[in-house]
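Visitor: Let the hints inform the model, and build the full structure from the sequences given.
Residues per chain are reported as follows:
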Amino acid sequence: MSEHGIKKRLFVPFLQLFTLALAGITALSMGSTDIPFSDLADILLYQKDTAEYHILVGLRLPRLILAAAVGGSLGLAGTLLQGMFRNPLVEPYTLGISGGASLGVCLTIIFHLNNVFGIMAYPVSGFAGAGIVIFLVYSLSLRSGSLKRESMLLTGVMISFVSSSLVMLLMAVSKSDDLHNIVFWIMGSLDEPNLDLIRIVCAGSIIGLFVSLFFCHDLNAMVLGEEEASFIGIHTVRTKKVLFVTASLLTGLSVSVSGIIMFVGLIIPHFMRMVFGGDHRILILNSFLGGATFLILCDLFARTVIAPLELPVGVITGIIGGLVFIWVLGKRQVVL
Amino acid sequence: MRQQPQKNVFENGVRENSTSELLQICNLSCGYPTGEVLAHIEFCASKGENVTILGPNGCGKTTLLRTIAASLAPLQGRILLNGTDIREIGRKKRALEVAVVMQGIQTAQMTVHEYVTLGRLPHFQPFQFFETEKDREIVDQFLELTDTARFKDIPLTRISGGEKQLVSIARALVQQPSLLLLDEPTSHLDISHQAHILELITRIKKELEIAVVMVLHDLNLACEYADSIVLIDTEKGGIYGMGDPGSVITEESVKKVYKTDVLVIKNPVSEKPCVFLTNRESDATRKENNDYGQSF
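Just so you know, the sequences run in chain order A and B. Under our numbering, read the first sequence as residues 1 to 336, first letter to last. Under our numbering, read the second sequence as residues 1 to 296, first letter to last.
No wet-lab data here; the hints were simulated from the structure. A hint or two may mislead.
Said to hold, decoys possible - Each computed DSSO-like pair below joins lysine-lysine, with the alpha-carbon atoms no more than 27 Å apart:
#1 K134(B) x K205(B)
#2 K266(B) x K205(B)
#3 K92(B) x K206(B)
#4 K241(A) x K92(B)
#5 K134(B) x K8(A)
#6 K47(B) x K205(B)
#7 K256(B) x K205(B)
#8 K256(B) x K266(B)
#9 K240(A) x K266(B)
#10 K240(A) x K92(B)
#11 K92(B) x K205(B)
#12 K93(B) x K241(A)
This one's a predicted model, so the numbers in the text were calculated from it and none came from an experiment.
Guide: Laid out in structure tokens, this is it:
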């Protein structure tokens, strides 16, 4: 890397933006009714009464936007958590944060909190559940001395188990109406009819992106360890607080709308770091855009491979992610 | 470094003494909430001076260094940098004055150049995203000075222990500090790297007029390169003695602090004290001791 390396590498996010656009157009055109690329613009602009227009604007576009926002959020949350815990295996799912968020959302469904607080109850409860888990994992792993990677992962996995058991408990004692709602939501898909929720997830992911970019230097320094980072003037405690809240927000919002989608936060930051380097100034943008592209493509695959039926998108990310996890674990020396 | 007379000045109020000392440590107790490790620590360091902290393993050398670096809160007493308490200086401003090289750097997936550039962070303006031309020049300058420019594009994971130490020092120097703290910069290094690093430190303290406070565990290296030595005694939980190497490192003080019999003679070239161990189990030693009618 030459002296101007970082500026040269800025073209990478632009490349990613281009890939994202390409994936988006593909996702718009493919599905149970194929709409050729060449007709997309024409339909969107001039043929507002056709069935194709309604498929595009009513179904595929919201789904596309949600996939991009959720994928970006999860990729970004993974990057933030890996940077702060200095552990390449952590991500919202392995740390149990997704589990906590899903427990929060289940409670909302059972207690019908959405009747009291409106649609906002889902994202807020997801955010709260995620935040509580991050706090738990962090304080538990701190208590056992230094941040040990194995113990932290084990804590996270256990919290995942506990929260999924609690979700099952809630399902067992809930009325059949609620049960239907929970199952429907847990199956997790990006097919979300409520536009308000999609807007909230979009806004949350973009806010998260800007907050993270603001702390990119801090994250770079914290790769060296917290004490070293404080020696170069980083307020590590404040940085961690802000970024933990950001990661809970990103994860909580995603889970509350689309259910648990595993391992996006593991695969994407890893891949981006390996290919384009670990400088968080670039990595944050790369992970966000890469996560968005990845989830759009996974979702496209999920809804076309056995059309007209649909696979849950989590199945696909789970299979790819699980394999990547094992591969990373097997590498002799893993560095951030 | 001044010893006893200085103490009175401290007692009369620190601000009154307008010495040239950059770092003043006044009646410092340090340790952890669970217990005090060291007490009544007082010493000073001025620009261009190398103060080396010596003491047996586990005596609290590193704790002291971390307290000076403001990474640990002192239990009592104050640490003054240019007359201001170090804990009252903002974190970022402190990083412009004090640079720290701890033992063993985290291996991160970044190149040497990227790692050294991190040292410029305290100089970044708020909302500054990229390093400036000046930052790049300073990074290049210290990469040259520490002789690390030749592997600046190699990832940190692929350089040797000695090279890592040099790179850490380069990262500290680009902060352009007035005080450099080092924790055992020569540990696990062979003799050529030890000499190389300590000569580099001597050069930078002179050329850049930096005060250097470092922890070493090798008595001979400390005697050879330090301007003054602070010898810490575990039993006393404080300073056993301090001053220039010749006056601090004697057979008596080493026996008292390290519980080891040694031979201290003068290095014929530098006239600094030189500490020798003798193998008490070897035949030659036994013979000599028998000749003098002594036994262990």
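Visitor: Each of the hints needs a verdict: does it hold here or not?
Guide: Hints, one by one, checked against the model:
no. : hint              : verdict
1   : K134(B) x K205(B) : holds (22 Å)
2   : K266(B) x K205(B) : holds (25 Å)
3   : K92(B) x K206(B)  : holds (25 Å)
4   : K241(A) x K92(B)  : holds (18 Å)
5   : K134(B) x K8(A)   : holds (18 Å)
6   : K47(B) x K205(B)  : holds (8 Å)
7   : K256(B) x K205(B) : violated (31 Å)
8   : K256(B) x K266(B) : holds (20 Å)
9   : K240(A) x K266(B) : violated (53 Å)
10  : K240(A) x K92(B)  : holds (17 Å)
11  : K92(B) x K205(B)  : holds (22 Å)
12  : K93(B) x K241(A)  : holds (22 Å)
Of the numbered hints stated above, those contradicted by the structure are hints 7, 9, listed in ascending order.
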